[in-house]
Amino acid sequence: MNRHFEYTDPNIREDLPEAYRKAWNVIAQPGFWWSAEDKIAIAEESRNATDCDFCHQRAEALSPNSVKGSHHHSTNLSANVVDVVHRIARDASRLSANWLEGLFTEEFTDAHYVELLGVVVAVISVDNFHIGLGLPLEQLPSPLTGEPNRRRPSGAKPHGAWVPMVMPTDLEAIDNDMYDGMPETGNVIAAMSLVPDSVKLLLILSGAQYLAPRDVANPATNGGRALNRSQIEFVAGRVSAHNQCFY
Amino acid sequence: MVDDEQIPEGVEAGVELRNFADAILMQPAEEIVRTRKQLVEKLGEPAMIDAAAVVGNFQRMVRIADSTGIPLDEPVLMISQSIREDLGINNFNASANSPKLPLLKRILGRLMAPFAATMLKKMAASRQSK
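As you go down the protein sequences, you meet chains A and B in turn. Quick note on my numbering: the first sequence kicks off at 27 and runs consecutively. Quick note on my numbering: the second sequence kicks off at 3 and runs consecutively.
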C-alpha cells in the first residue's frame, strides 16, 4: 500500500503529514452512514468542483438556482449528492436552511449530510495546503472494507443550527473523548457532532493546520508555529472574509 | 468594507501574508509562485508553510460554518457588534443564521466597542479555564 504524504521538504512540520495521514485513514474507512467507496467518491467530487463550469456559472449568477445545467462529475454518486458536494465546495456562503431541509429523505438524512460535509472540507483543506506549496494533490486513499455503523448519538439536539448538535454535557460514554476532554466547545466544532468521526477528522486537521483546541482560546500562544498569533489570525480572517463567512 | 491597503497594518509581513493567502484562494499558478517567493524572502520557508496550513484550515472551517448555519452566541454577537458593522460583516449572507439583537443590545454593543477586544479575550480565557 502507498504511504501517503511523503514530503521531501524538511521545513514541513512532521505533525502536518501525520495529521493528513490520519485524515486520509478516516476517509478510507466505512463511515457512520456512507460506505468507504462513497466517501472516496465524495472526496473525488469535491475535487471535480474546482473546475466545474456549472459551478462557475452558478457562482457568477445573482441566484445559484437561476442557472440550469449539470456538474462536471466522475463518480456513481447520485446527481443530488454530487450537487450537494459541489455547492459546499464552491458556493457555501449561499446555502440556506430551506435548501437543506428540502434535501432530506430516508436515504439522505441530516447525518449523511454532516458526514459528507466532513469529507468535502477535509479534502479541500489538505488540497489548499498542497496548492499553496506548489505540490501535486495527494492521491486519494483506497477504500477499506466494511459496513457503515449507522450510529446516531443520542445526545444530538437542536441548538440553533441547521443540523442537531451534541454538546459536551450530552456526550454518551462511547464519545467521551469527542471534544478532546474540553468542557465547552465552539459551535463550529459541535456542528459536526452528529457524526463523531467528523469531529475527529476536524480536530486532527485543525490541531496541525491551525492550533490545538486548548490553544485556540488562549490569544497569548502561537502553538509553536513559525508565524506569531497575530499573523495566524490575520491569515484566518483574510480567508474568512474572502469566503464571506459571518461566523 | 475596509480598504484592502489598510488591512495589513500592524501585522508583520501583512502584505506578503495577504497576497499569498489571496493567491491560494484565487489559484492562478503564477501568482502563487510569485507570492510564495515573496513570503519566503520576508519570513522564511517554515512561516510560508504555516501560512498555507492556516489557509487550508480556514477553507475548511468557513465551509462548516456556512453549510450548517451555526449561529454566533449572543454575548459574542453583542460584544462584536461594532466590529461587524465597521467591517461590513453584517452584510454577509450567513449573518441571517444568527439572531438579530434588539435595539437596546445593539446600542449597548456600540457603547462597549472600545472594550470589545479586551472582553473577547476575557471570554476566551474564561472558557479555557473551565
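Certain hints may be false.
As the list claims (entries may be wrong) - Cβ-to-Cβ under 10 Å is the rule here; a few derived chain B residues that face chain A:
1. Ala25
2. Val35
3. Met63
4. Leu74
5. Pro104
6. Pro116
Read the hints as simulated data drawn from the structure, not as lab findings. Every residue, glycine too, gets a C-beta built ideally from N, C-alpha and C.
So, going through the hints one by one against the coordinates:
| no. | hint | result |
| --- | --- | --- |
| 1 | Ala25 | 8 Å, holds |
| 2 | Val35 | 7 Å, holds |
| 3 | Met63 | 6 Å, holds |
| 4 | Leu74 | 6 Å, holds |
| 5 | Pro104 | 17 Å, violated |
| 6 | Pro116 | 18 Å, violated |
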